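Here the working numbering runs 505 ahead of the position in the sequence shown, where the first position is 1.
I should point out that these hints are in silico values taken from the structure, not numbers from a laboratory. Some hints here could point you the wrong way.
Unchecked claim - Calculated pairs, BS3-like style, for lysine-lysine (alpha carbon to alpha carbon, straight line, at most 30 Å):
no.: 1; residue 1: LYS514; residue 2: LYS592
no.: 2; residue 1: LYS572; residue 2: LYS587
no.: 3; residue 1: LYS592; residue 2: LYS572
no.: 4; residue 1: LYS572; residue 2: LYS513
no.: 5; residue 1: LYS512; residue 2: LYS572
no.: 6; residue 1: LYS592; residue 2: LYS513
no.: 7; residue 1: LYS587; residue 2: LYS514
To be verified - What follows is a list of derived Cβ distance ranges for each label pair:
no.: 8; residue 1: THR516; residue 2: VAL610; range: 20 to 26 Å
no.: 9; residue 1: THR516; residue 2: THR584; range: 36 to 42 Å
no.: 10; residue 1: LYS592; residue 2: HIS519; range: 27 to 33 Å
no.: 11; residue 1: LYS512; residue 2: HIS599; range: 16 to 22 Å
no.: 12; residue 1: PRO578; residue 2: SER615; range: 21 to 27 Å
Predicted model only: the values in this text are computed from it and were never measured. Yeah, the Cβ is synthetic: ideal placement off N, Cα and C, and Gly gets one too.
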Amino acid sequence: MVTRGPKKKLTWIHIYLFSHTQSTSSAATSIRIYYEAVQGGDLRVDALARPELYNGAVPLGISIFPKELWVQPALWHHTIGKIVYSKRHESGGHFAGHERPEELVADMRSTFSLPAVASSF
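Go ahead and model the full structure; you've got the sequences and the hints to work with.
In structure tokens form, the structure reads like this:
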């Protein structure tokens, strides 16, 4: 089993690409969102700031990782719904579940254990 280094990263990327592309057998499927964001399709970055796209009754938790592909201004967070939990992390990025799993799980546990969230389900 590969536990660290470049081989681990390559193995992880390979697994990611194949596990997210089984329906079309194409690596392009997993990266289409980036193409759409750049080309101005329905997944444009500016669409993320449109509050009418969100359900305000759903409590939200936000984890901010500094190496994310695009970090939106914190002021925008309150335009997407009721924020019940927010945490800014020192490291991690787009693949936070792989890079910082303990921190991401702790954030999720903190969010879902809040009374405002528990009572909404």
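Consistency of the hints with the structure:
| no. | hint | result |
| --- | --- | --- |
| 1 | LYS514 - LYS592 | holds (27 Å) |
| 2 | LYS572 - LYS587 | holds (25 Å) |
| 3 | LYS592 - LYS572 | holds (14 Å) |
| 4 | LYS572 - LYS513 | holds (20 Å) |
| 5 | LYS512 - LYS572 | holds (22 Å) |
| 6 | LYS592 - LYS513 | holds (29 Å) |
| 7 | LYS587 - LYS514 | violated (36 Å) |
| 8 | THR516 - VAL610: 20 to 26 Å | holds (22 Å) |
| 9 | THR516 - THR584: 36 to 42 Å | holds (39 Å) |
| 10 | LYS592 - HIS519: 27 to 33 Å | holds (31 Å) |
| 11 | LYS512 - HIS599: 16 to 22 Å | holds (21 Å) |
| 12 | PRO578 - SER615: 21 to 27 Å | holds (23 Å) |
Checked against the numbered hints given earlier, this structure breaks only hint 7.
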